[in-house]
Amino acid sequence: MTTIRDVAKHAQVSVATVSRVLNQKGYVSKKAEEAVMAAIKELDFRPNAVARTLYNKSSRMIGLIVPDITNPFFPELARAVEDIALTYGYTVVLCNADEDIKKERNYLDVLKQKYVDGIILTNNQLSFSEVDEAGVPMVALDRVIADHIPTVVSTNKIGAEMATKHLVESGCKFIAHLRGPKGLPTADQRLEGFRNVVEQSAVASVVVEADFHYERSELVTEELLKQHPSIDGIFASSDVTAAGALKAISKMGKRVPEDIQIVGFDGIPFGEMLVPSLTTIAQPIYQMGATAARLLIKLIEKKPIEGSYFELSTDLIIRETTKGEGAAK
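For the sequence shown, position 127 matches number 1267 in my numbering, and the numbering has no gaps at all.
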(Lines of atoms letter the chains of each structure in order from A and count residues from 1; the text may use other names and numbers.)
(Lines give C-alpha, C1' and ligand atoms only; values in the text may rest on other atoms or scores of the structure.)
Protein backbone atom coordinates (compact mmCIF):
# COMPACT_ATOMS: atom_id res chain seq x y z
CA MET A 1 0.00 0.00 0.00
CA THR A 2 1.33 3.39 -1.00
CA THR A 3 2.00 5.74 1.92
CA ILE A 4 2.40 9.48 2.22
CA ARG A 5 6.15 8.91 2.61
CA ASP A 6 6.23 7.12 -0.75
CA VAL A 7 4.54 10.10 -2.35
CA ALA A 8 6.98 12.53 -0.73
CA LYS A 9 9.96 10.48 -1.89
CA HIS A 10 8.61 10.16 -5.44
CA ALA A 11 7.89 13.91 -5.65
CA GLN A 12 11.19 14.78 -3.94
CA VAL A 13 9.50 16.89 -1.29
CA SER A 14 8.94 16.57 2.46
CA VAL A 15 6.07 14.65 4.07
CA ALA A 16 4.85 17.99 5.46
CA THR A 17 4.58 19.39 1.94
CA VAL A 18 2.48 16.41 0.80
CA SER A 19 0.24 16.89 3.85
CA ARG A 20 -0.26 20.58 3.04
CA VAL A 21 -1.23 19.71 -0.54
CA LEU A 22 -3.70 17.02 0.58
CA ASN A 23 -5.35 19.23 3.17
CA GLN A 24 -5.07 22.45 1.18
CA LYS A 25 -3.59 24.25 4.16
CA GLY A 26 -0.38 26.24 4.32
CA TYR A 27 1.85 27.57 1.56
CA VAL A 28 3.09 25.23 -1.17
CA SER A 29 4.89 26.41 -4.31
CA LYS A 30 3.22 25.73 -7.64
CA LYS A 31 6.11 23.49 -8.70
CA ALA A 32 5.93 21.40 -5.50
CA GLU A 33 2.15 21.06 -5.75
CA GLU A 34 2.38 19.82 -9.33
CA ALA A 35 5.07 17.30 -8.34
CA VAL A 36 2.95 15.99 -5.47
CA MET A 37 -0.19 15.69 -7.60
CA ALA A 38 1.77 13.85 -10.31
CA ALA A 39 3.20 11.45 -7.72
CA ILE A 40 -0.27 10.80 -6.26
CA LYS A 41 -1.59 9.94 -9.71
CA GLU A 42 1.36 7.75 -10.70
CA LEU A 43 1.39 5.84 -7.41
CA ASP A 44 -2.44 5.68 -7.19
CA PHE A 45 -2.22 7.04 -3.66
CA ARG A 46 -5.46 7.17 -1.67
CA PRO A 47 -5.27 9.24 1.53
CA ASN A 48 -6.43 7.59 4.73
CA ALA A 49 -9.88 9.01 5.39
CA VAL A 50 -9.62 8.70 9.17
CA ALA A 51 -6.24 10.44 9.24
CA ARG A 52 -7.58 13.29 7.15
CA THR A 53 -10.61 13.55 9.41
CA LEU A 54 -8.42 13.89 12.49
CA TYR A 55 -6.29 16.51 10.76
CA ASN A 56 -9.16 18.57 9.39
CA LYS A 57 -11.54 17.99 12.33
CA SER A 58 -14.21 17.17 9.73
CA SER A 59 -15.28 13.92 8.10
CA ARG A 60 -17.84 15.54 5.76
CA MET A 61 -20.24 12.80 6.94
CA ILE A 62 -23.73 13.16 8.40
CA GLY A 63 -25.51 10.42 10.34
CA LEU A 64 -29.24 9.80 9.80
CA ILE A 65 -30.99 7.50 12.28
CA VAL A 66 -34.49 6.33 11.30
CA PRO A 67 -36.85 4.05 13.28
CA ASP A 68 -38.14 1.84 10.45
CA ILE A 69 -36.80 2.00 6.90
CA THR A 70 -39.63 -0.28 5.70
CA ASN A 71 -42.11 2.53 6.37
CA PRO A 72 -42.30 4.42 3.03
CA PHE A 73 -42.31 7.75 4.88
CA PHE A 74 -38.65 7.45 5.89
CA PRO A 75 -37.00 6.62 2.54
CA GLU A 76 -38.46 9.85 1.14
CA LEU A 77 -37.05 11.78 4.11
CA ALA A 78 -33.69 10.06 3.63
CA ARG A 79 -33.66 10.90 -0.08
CA ALA A 80 -34.12 14.59 0.69
CA VAL A 81 -31.40 14.59 3.35
CA GLU A 82 -28.97 12.88 0.98
CA ASP A 83 -29.77 15.19 -1.95
CA ILE A 84 -29.10 18.33 0.08
CA ALA A 85 -26.06 16.87 1.85
CA LEU A 86 -24.42 15.99 -1.46
CA THR A 87 -24.84 19.52 -2.79
CA TYR A 88 -22.81 20.75 0.19
CA GLY A 89 -20.18 18.04 -0.14
CA TYR A 90 -21.38 15.76 2.67
CA THR A 91 -22.03 12.01 2.65
CA VAL A 92 -24.99 10.53 4.55
CA VAL A 93 -24.64 7.41 6.72
CA LEU A 94 -28.10 5.83 7.08
CA CYS A 95 -28.85 3.82 10.24
CA ASN A 96 -32.09 1.83 10.63
CA ALA A 97 -32.87 1.36 14.34
CA ASP A 98 -35.86 -0.98 13.85
CA GLU A 99 -37.56 0.89 16.73
CA ASP A 100 -35.04 -0.81 19.05
CA ILE A 101 -33.54 1.42 21.74
CA LYS A 102 -30.42 -0.77 21.97
CA LYS A 103 -29.76 -0.45 18.24
CA GLU A 104 -30.36 3.28 18.44
CA ARG A 105 -27.81 3.67 21.25
CA ASN A 106 -25.33 1.52 19.36
CA TYR A 107 -25.73 3.59 16.20
CA LEU A 108 -25.20 6.79 18.15
CA ASP A 109 -21.94 5.41 19.55
CA VAL A 110 -20.79 4.13 16.15
CA LEU A 111 -21.52 7.44 14.45
CA LYS A 112 -19.47 9.27 17.07
CA GLN A 113 -16.61 6.81 16.56
CA LYS A 114 -16.81 7.44 12.81
CA TYR A 115 -16.31 11.16 13.53
CA VAL A 116 -19.52 12.23 11.80
CA ASP A 117 -19.90 16.00 11.73
CA GLY A 118 -23.56 15.90 12.77
CA ILE A 119 -26.62 13.68 13.22
CA ILE A 120 -30.27 13.89 12.17
CA LEU A 121 -32.54 11.93 14.51
CA THR A 122 -36.01 10.74 13.55
CA ASN A 123 -36.36 8.61 16.71
CA ASN A 124 -37.23 9.82 20.19
CA GLN A 125 -36.41 6.79 22.34
CA LEU A 126 -33.04 8.12 23.49
CA SER A 127 -33.01 10.09 26.72
CA PHE A 128 -32.23 13.80 26.78
CA SER A 129 -28.89 13.14 28.49
CA GLU A 130 -27.85 10.55 25.88
CA VAL A 131 -28.54 12.97 23.06
CA ASP A 132 -26.97 15.91 24.88
CA GLU A 133 -23.80 13.97 25.68
CA ALA A 134 -23.25 12.93 22.06
CA GLY A 135 -21.18 16.06 21.59
CA VAL A 136 -22.06 16.65 17.92
CA PRO A 137 -24.55 19.00 16.24
CA MET A 138 -28.01 17.45 15.98
CA VAL A 139 -31.37 18.15 14.37
CA ALA A 140 -34.63 16.35 15.21
CA LEU A 141 -36.78 15.43 12.21
CA ASP A 142 -40.48 14.53 12.56
CA ARG A 143 -39.83 14.17 16.29
CA VAL A 144 -39.40 16.53 19.25
CA ILE A 145 -36.42 15.60 21.41
CA ALA A 146 -35.37 18.68 23.41
CA ASP A 147 -36.05 22.42 23.30
CA HIS A 148 -32.46 23.33 22.42
CA ILE A 149 -32.23 20.86 19.51
CA PRO A 150 -33.52 22.35 16.23
CA THR A 151 -36.69 20.51 15.24
CA VAL A 152 -38.46 20.07 11.89
CA VAL A 153 -42.04 18.80 11.97
CA SER A 154 -45.34 19.31 10.15
CA THR A 155 -48.58 20.81 11.46
CA ASN A 156 -49.73 17.55 13.03
CA LYS A 157 -52.60 18.90 15.12
CA ILE A 158 -53.96 21.10 12.33
CA GLY A 159 -53.67 18.21 9.88
CA ALA A 160 -55.58 15.90 12.22
CA GLU A 161 -58.29 18.53 12.61
CA MET A 162 -58.62 18.77 8.82
CA ALA A 163 -58.86 14.98 8.51
CA THR A 164 -61.51 14.61 11.20
CA LYS A 165 -63.51 17.60 9.99
CA HIS A 166 -63.52 16.12 6.49
CA LEU A 167 -64.97 12.85 7.82
CA VAL A 168 -67.65 14.75 9.75
CA GLU A 169 -68.54 16.86 6.71
CA SER A 170 -68.66 13.68 4.61
CA GLY A 171 -71.48 12.35 6.81
CA CYS A 172 -69.67 10.12 9.35
CA LYS A 173 -71.50 9.67 12.67
CA PHE A 174 -69.11 7.31 14.52
CA ILE A 175 -65.41 7.95 13.91
CA ALA A 176 -62.51 5.83 15.14
CA HIS A 177 -58.97 7.13 15.48
CA LEU A 178 -56.17 4.61 15.00
CA ARG A 179 -53.57 6.54 16.95
CA GLY A 180 -49.78 6.26 16.87
CA PRO A 181 -47.57 5.23 19.80
CA LYS A 182 -48.36 6.88 23.14
CA GLY A 183 -45.72 9.38 24.18
CA LEU A 184 -44.65 10.12 20.62
CA PRO A 185 -45.25 13.90 20.27
CA THR A 186 -46.38 13.73 16.65
CA ALA A 187 -48.92 10.98 17.46
CA ASP A 188 -50.11 12.85 20.55
CA GLN A 189 -50.64 16.02 18.50
CA ARG A 190 -52.71 14.12 15.94
CA LEU A 191 -54.83 12.68 18.74
CA GLU A 192 -55.32 16.19 20.14
CA GLY A 193 -56.49 17.46 16.75
CA PHE A 194 -58.90 14.54 16.40
CA ARG A 195 -60.40 15.15 19.83
CA ASN A 196 -60.76 18.88 19.22
CA VAL A 197 -63.09 18.21 16.29
CA VAL A 198 -65.15 15.29 17.65
CA GLU A 199 -65.78 17.15 20.91
CA GLN A 200 -67.23 20.05 18.93
CA SER A 201 -69.29 17.79 16.66
CA ALA A 202 -72.34 15.63 17.29
CA VAL A 203 -70.50 12.41 16.48
CA ALA A 204 -69.50 9.36 18.50
CA SER A 205 -65.81 8.47 18.68
CA VAL A 206 -63.36 5.85 19.87
CA VAL A 207 -59.55 5.82 20.06
CA VAL A 208 -57.32 2.75 19.82
CA GLU A 209 -53.55 2.42 19.51
CA ALA A 210 -52.30 0.84 16.28
CA ASP A 211 -48.70 2.10 16.14
CA PHE A 212 -47.57 2.77 12.57
CA HIS A 213 -47.56 -0.85 11.42
CA TYR A 214 -49.64 -2.44 8.66
CA GLU A 215 -50.18 -5.83 10.33
CA ARG A 216 -50.95 -4.32 13.72
CA SER A 217 -53.44 -1.91 12.16
CA GLU A 218 -55.20 -4.73 10.32
CA LEU A 219 -55.66 -6.75 13.51
CA VAL A 220 -56.72 -3.74 15.59
CA THR A 221 -59.25 -2.65 12.97
CA GLU A 222 -60.82 -6.12 12.74
CA GLU A 223 -61.29 -6.25 16.50
CA LEU A 224 -62.52 -2.67 16.61
CA LEU A 225 -65.21 -3.25 13.98
CA LYS A 226 -66.39 -6.39 15.78
CA GLN A 227 -66.82 -4.38 18.99
CA HIS A 228 -68.27 -1.30 17.25
CA PRO A 229 -69.99 -2.39 14.01
CA SER A 230 -71.58 1.05 13.57
CA ILE A 231 -68.23 2.78 12.95
CA ASP A 232 -68.50 4.59 9.62
CA GLY A 233 -65.31 6.66 9.64
CA ILE A 234 -61.64 6.05 10.46
CA PHE A 235 -58.86 8.59 10.88
CA ALA A 236 -55.57 6.67 10.77
CA SER A 237 -52.43 8.25 12.20
CA SER A 238 -50.36 7.21 9.16
CA ASP A 239 -50.94 6.05 5.61
CA VAL A 240 -49.45 2.66 6.47
CA THR A 241 -51.96 2.37 9.32
CA ALA A 242 -54.75 3.34 6.92
CA ALA A 243 -53.67 0.62 4.48
CA GLY A 244 -53.95 -1.99 7.25
CA ALA A 245 -57.42 -0.72 8.12
CA LEU A 246 -58.45 -0.86 4.46
CA LYS A 247 -57.39 -4.52 4.32
CA ALA A 248 -59.35 -5.37 7.46
CA ILE A 249 -62.49 -3.65 6.19
CA SER A 250 -62.31 -5.58 2.92
CA LYS A 251 -61.84 -8.90 4.75
CA MET A 252 -64.96 -8.20 6.81
CA GLY A 253 -67.06 -7.66 3.70
CA LYS A 254 -67.55 -3.94 4.15
CA ARG A 255 -67.05 -1.34 1.43
CA VAL A 256 -64.98 1.85 1.32
CA PRO A 257 -66.24 4.55 1.20
CA GLU A 258 -69.87 3.33 1.03
CA ASP A 259 -69.83 1.71 4.50
CA ILE A 260 -66.70 3.14 6.09
CA GLN A 261 -64.68 6.19 5.07
CA ILE A 262 -60.94 6.45 5.76
CA VAL A 263 -58.42 9.28 5.98
CA GLY A 264 -54.70 8.62 6.43
CA PHE A 265 -51.79 10.85 7.37
CA ASP A 266 -48.43 11.34 5.60
CA GLY A 267 -49.10 11.63 1.88
CA ILE A 268 -46.65 8.94 0.82
CA PRO A 269 -46.87 7.95 -2.89
CA PHE A 270 -48.29 4.46 -2.33
CA GLY A 271 -51.53 5.93 -0.95
CA GLU A 272 -52.51 6.90 -4.47
CA MET A 273 -51.83 3.33 -5.63
CA LEU A 274 -54.24 1.71 -3.17
CA VAL A 275 -57.67 0.60 -4.38
CA PRO A 276 -59.60 2.67 -3.57
CA SER A 277 -56.99 5.45 -3.52
CA LEU A 278 -56.41 6.95 -0.08
CA THR A 279 -57.67 10.30 1.12
CA THR A 280 -54.87 11.63 3.31
CA ILE A 281 -53.23 14.52 5.10
CA ALA A 282 -50.06 15.14 3.12
CA GLN A 283 -46.92 16.21 4.91
CA PRO A 284 -44.24 18.01 2.85
CA ILE A 285 -41.95 15.04 3.41
CA TYR A 286 -39.16 15.99 1.00
CA GLN A 287 -39.19 19.59 2.19
CA MET A 288 -38.95 18.42 5.81
CA GLY A 289 -35.87 16.31 5.06
CA ALA A 290 -34.26 19.07 3.03
CA THR A 291 -34.90 21.64 5.76
CA ALA A 292 -33.38 19.37 8.41
CA ALA A 293 -30.28 18.78 6.29
CA ARG A 294 -29.74 22.50 5.65
CA LEU A 295 -30.17 23.27 9.35
CA LEU A 296 -27.66 20.62 10.38
CA ILE A 297 -25.08 21.81 7.86
CA LYS A 298 -25.46 25.36 9.18
CA LEU A 299 -24.85 24.07 12.72
CA ILE A 300 -21.82 22.06 11.57
CA GLU A 301 -20.36 25.08 9.79
CA LYS A 302 -21.18 27.33 12.76
CA LYS A 303 -23.53 29.54 10.79
CA PRO A 304 -26.49 31.25 12.48
CA ILE A 305 -29.98 29.77 12.22
CA GLU A 306 -33.21 31.64 12.81
CA GLY A 307 -35.26 29.85 15.45
CA SER A 308 -35.20 26.27 16.66
CA TYR A 309 -38.69 24.97 15.81
CA PHE A 310 -39.73 24.67 12.17
CA GLU A 311 -43.33 23.58 11.51
CA LEU A 312 -44.28 22.99 7.87
CA SER A 313 -47.86 23.03 6.57
CA THR A 314 -49.98 19.95 5.81
CA ASP A 315 -52.69 19.61 3.15
CA LEU A 316 -55.84 17.52 2.77
CA ILE A 317 -55.69 15.36 -0.37
CA ILE A 318 -59.17 14.02 -1.16
CA ARG A 319 -59.29 10.73 -3.06
CA GLU A 320 -61.57 7.68 -3.20
CA THR A 321 -61.74 6.51 0.44
CA THR A 322 -64.06 9.39 1.39
CA LYS A 323 -67.28 10.77 -0.08
CA GLY A 324 -66.48 14.43 0.42
CA GLU A 325 -66.28 17.16 -2.19
CA GLY A 326 -63.30 16.58 -4.46
CA ALA A 327 -63.31 12.80 -4.09
CA ALA A 328 -62.66 10.85 -7.27
CA LYS A 329 -65.81 9.40 -8.79
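If you are wondering where the hints come from, they were derived from the structure by calculation, not from laboratory data.
Among these hints, one or two may not hold up.
With a cut-off of at most 20 Å between alpha-carbon atoms, the simulated DMTMM-like pairs for lysine to aspartate or glutamate come out as follows [stated by the list, open to error]:
1. Lys1242 with Glu1222
2. Lys1242 with Asp1272
3. Lys1387 with Glu1398
4. Lys1442 with Asp1208
Remember, it's a predicted structure, so these values are computed and weren't measured experimentally.
Each hint tested on the structure:
1. Between Lys1242 and Glu1222 the alpha-carbon distance is near 25 Å, which puts this suggested pair outside the 20 Å criterion.
2. With a C-alpha separation of about 17 Å, the suggested pairing of Lys1242 with Asp1272 holds against the 20 Å cut-off.
3. As the CA atoms of Lys1387 and Glu1398 are separated by approximately 15 Å, the hinted pair is consistent with the 20 Å bound.
4. At roughly 31 Å between alpha-carbon atoms, Lys1442 and Asp1208 are farther apart than 20 Å, so this suggested pair is violated.
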